[in-house]
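Protein chains: 4
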Amino acid sequence: MLEDLKQTVLEANKLLPAYGLVTFTWGNVSQIDREKGIVAIKPSGVPYDELKLDDIVLTDLDGNIVEGDLNPSSDLETHLEFYRNWSNIGGVVHTHSQWATSFAQAGLDLKALGTTHADYFYGAVPCTRKMTDEEIQGDYELETGKVIVEEFKTRGIDPDEVPAVLVHSHGPFVWGKDAKKAVENSVVLEEVAKMNATATLLQNNQIDSMQQVLLDKHFKRKHGPNAYYGQGK
Amino acid sequence: MLEDLKQTVLEANKLLPAYGLVTFTWGNVSQIDREKGIVAIKPSGVPYDELKLDDIVLTDLDGNIVEGDLNPSSDLETHLEFYRNWSNIGGVVHTHSQWATSFAQAGLDLKALGTTHADYFYGAVPCTRKMTDEEIQGDYELETGKVIVEEFKTRGIDPDEVPAVLVHSHGPFVWGKDAKKAVENSVVLEEVAKMNATATLLQNNQIDSMQQVLLDKHFKRKHGPNAYYGQGK
Amino acid sequence: MLEDLKQTVLEANKLLPAYGLVTFTWGNVSQIDREKGIVAIKPSGVPYDELKLDDIVLTDLDGNIVEGDLNPSSDLETHLEFYRNWSNIGGVVHTHSQWATSFAQAGLDLKALGTTHADYFYGAVPCTRKMTDEEIQGDYELETGKVIVEEFKTRGIDPDEVPAVLVHSHGPFVWGKDAKKAVENSVVLEEVAKMNATATLLQNNQIDSMQQVLLDKHFKRKHGPNAYYGQGK
Amino acid sequence: MLEDLKQTVLEANKLLPAYGLVTFTWGNVSQIDREKGIVAIKPSGVPYDELKLDDIVLTDLDGNIVEGDLNPSSDLETHLEFYRNWSNIGGVVHTHSQWATSFAQAGLDLKALGTTHADYFYGAVPCTRKMTDEEIQGDYELETGKVIVEEFKTRGIDPDEVPAVLVHSHGPFVWGKDAKKAVENSVVLEEVAKMNATATLLQNNQIDSMQQVLLDKHFKRKHGPNAYYGQGK
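Chains as they are written, first to last, in the UniProt record's numbering: chain R, 1 to 233; chain Y, 1 to 233; chain E, 1 to 233; chain G, 1 to 233.
Simulated from the structure, these hints should not be mistaken for lab results.
Misleading hints may appear alongside valid ones.
In this list, chains with the same sequence are indistinguishable; a pair is considered to hold if it fits within one copy or across any two.
[Said to hold, decoys possible] No more than 25 Å apart at the CA atoms, straight line, and that leaves these computed lysine-lysine pairs for DSS-like:
| hint | residue 1 | residue 2 |
| --- | --- | --- |
| 1 | K36 | K180 |
| 2 | K14 | K153 |
| 3 | K52 | K220 |
| 4 | K14 | K52 |
| 5 | K146 | K14 |
| 6 | K130 | K220 |
| 7 | K177 | K217 |
| 8 | K52 | K130 |
| 9 | K153 | K177 |
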């Protein structure tokens with residue numbers, strides 16, 4: 001059943017290594033069929049290049065397996081919590097992509113520093129509070145989803161306008177209208193995190209410019225009437 | 001009409017992903033035919049690998065579409081403002097390339113720190129002032145161009161000698177005698193931004209050198225009469 | 001003899017350049033056959049792409065060569081010290097991979113900052129104390145192994161739970177149940193070191209967010225009823 | 001004449017882009033035939049992928065062209081100053097490789113921080129003093145060579161033991177017994193500069209470790225009797 005949904009989710013999962021967002025099996029993508037209330041998700045621990053159509057697991061919104069022989073991603077319950085609470089989203093991605101994860105590890109929101117960010121995320125991508133011991137030791141993956149949904153509610157952030165979150169000491173979850181869009185948003189999140197990290201590095205930029213005479217020498221060695229670089233003249 | 005110009009602009013746009021300067025559709029290149037007063041530019045939102053000759057849009061210097069079925073890049077008006085004000089330039093590039101954009105997001109000029117910079121840019125690549133609310137809410141892309149032209153005028157910078165700018169909280173615009181040269185200058189801007197960011201990181205370099213005896217051990221393990229690394233002797 | 005062991009070690013060594021963990025010949029992998037007490041290891045100074053099955057050197061646990069015409073890796077004695085002391089491990093990797101080595105050069109433990117780390121290493125990956133002059137000038141590679149084993153004992157770290165170490169001013173040694181798992185752990189160590197270095201960079205993140213009006217402009221240029229980016233509408 | 005020398009220099013130049021050490025034409029390699037007193041060097045401004053055997057320029061030790069129709073690299077005089085002063089070296093490389101150049105731009109020696117450095121360079125790779133206006137405005141490339149040779153003499157550094165230098169506000173020159181070895185040393189210099197830059201970043205590492213309970217959760221989710229990640233059990 002739902003071969004198209006499974007095919008879409010298969011392809012979206014294979015995009016993760018293609019975009020350099022994952023190492024080994026560290027990521028998973030799901031998509032929901034809202035009409036049928038069925039979610040298709042990557043199986044746990046299967047390498048992307050070995051992943052086949054029939055490996056994709058189908059579950060209902062309570063996490064009951066409807067089709068598939070493999071265990072679903074251990075992050076399934078986090079995905080489901082999003083689908084249950086946010087009715088406009090259709091696809092979810094989880095990765096440990098390097099730059100976004102660095103912000104999660106530092107416990108920092110990814111602030112909107114420029115228009116690249118603004119083109120995709122309408123404000124800071126929030127970093128959640130630390131989870132409590134009870135949440136971690138309880139139904140951990142479900143509680144992760146609850147903490148995220150709570151964070152958006154408490155801060156008054158619309159998940160349709162900011163389709164990503166950083167889980168404290170963990171990494172990003174990203175979503176969109178479908179799995180493919182969620183992957184696209186994951187790529188952008190990583191790009192923006194990279195740029196913002198570098199911008200942060202530049203905060204205390206106090207380094208001196210080069211000597212004017214050396215600037216003259218090199219520019220004029222290549223440009224203007226006295227240039228002597230290359231094979232010209 | 002102007003098939004050569006369109007072909008040149010097509011190829012120059014395809015260089016952006018080849019040089020790693022863009023993600024998805026985040027960049028555009030144009031070139032002007034000064035004699036005819038016609039500008040060829042990338043259409044908005046079309047992926048580089050799907051871009052065909054007939055997708056390239058031709059406009060006059062007021063932005064009226066002369067040929068082409070697609071919407072031109074939303075940055076068209078910024079390009080045109082350059083062509084109208086700076087008579088020596090023939091090609092313009094806009095990207096969100098990572099390192100240059102980081103400087104734009106930090107609101108910092110890219111200072112001339114070394115001869116790599118000096119070979120292409122005769123002094124700091126300026127970062128513009130922030131745009132006013134009126135400029136942003138008005139004819140935004142045109143106003144972006146005006147703020148850039150103003151920045152060069154106010155600071156007395158010759159756009160032929162410093163063929164690039166960083167737009168505050170946004171990213172770089174780069175130009176040159178034609179589209180191909182503008183792309184080359186974009187590559188160099190990115191390289192120089194990368195080097196300058198790293199040089200900035202080194203400002204407070206206070207880390208200790210290794211022990212002399214360990215230096216001796218390793219150097220002499222591989223070099224001189226008592227070397228024992230590898231298959232030698 | 002032990003063709004399977006040699007084949008496994010050959011393939012594991014070739015994974016080092018495939019995963020970008022080595023430059024030139026800067027790394028080596030070994031695996032032990034516990035039943036026979038034989039260790040297979042890369043020969044010293046041979047490039048990975050020239051490495052053949054018969055180049056792999058077999059030694060006993062005292063370092064006596066049992067088979068092979070080439071000198072074993074100069075780090076052999078460090079590997080053997082691990083096999084002699086830690087009975088559960090089956091494979092050892094040494095590299096100078098960039099990010100892990102940076103922590104070794106800074107003389108810092110790689111702290112557990114996030115779940116990527118926690119999925120593989122149960123606590124900080126320790127950096128050893130500096131070696132003494134006597135240790136360096138004595139049987140250096142053996143002493144390196146001893147310092148590492150001492151570090152784990154003194155700190156009460158279980159090498160089965162934290163399968164990696166950073167040798168001060170040098171680089172990482174990594175292990176696992178076999179050579180392949182030790183290589184996998186080496187990849188993870190490098191990823192985690194990269195993420196932790198970036199998280200460190202973010203500590204003093206004080207950069208200002210962009211203007212709200214510019215955020216509005218760019219988000220709404222691409223999303224919602226007034227979007228005008230791309231070819232839509 | 002000297003076809004072998006020209007072939008060696010041709011191949012060594014083509015290694016520069018292969019190792020990611022150059023952008024466009026920003027680098028050159030030479031080698032000397034000590035017996036004949038002839039130096040073979042890359043022509044100025046010719047892209048590496050267009051470089052042919054007959055493009056290689058032969059000169060004597062005074063810079064007189066002995067064979068070749070093209071202008072030699074503008075850095076020729078710097079190379080020659082090394083060959084005239086340091087009798088053991090046979091090959092010279094100049095690049096603007098990113099990480100080494102960043103140290104040059106920051107005006108900093110590349111200190112020996114670890115054994116990767118010690119395996120190739122017996123102590124810090126020095127950064128030269130700034131050149132004087134007279135030196136820059138005079139016979140610039142020759143003066144560059146003189147400043148480097150002076151730096152090694154003044155500091156008592158043996159160019160055979162530290163086969164590289166950083167020219168202030170410019171970039172690295174690297175040498176070795178022949179062109180191929182000089183390229184190898186250039187690769188190592190870049191690697192070491194990268195590692196040292198990262199080690200510098202870590203100096204003020206004060207970031208907190210993750211919660212113990214989250215560390216427990218994730219490690220034990222994948223390891224030990226209660227693991228539930230993947231398809232096992």
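Item to check | Hint numbers contradicted by this structure | outcome: 2, 3, 5 and 8
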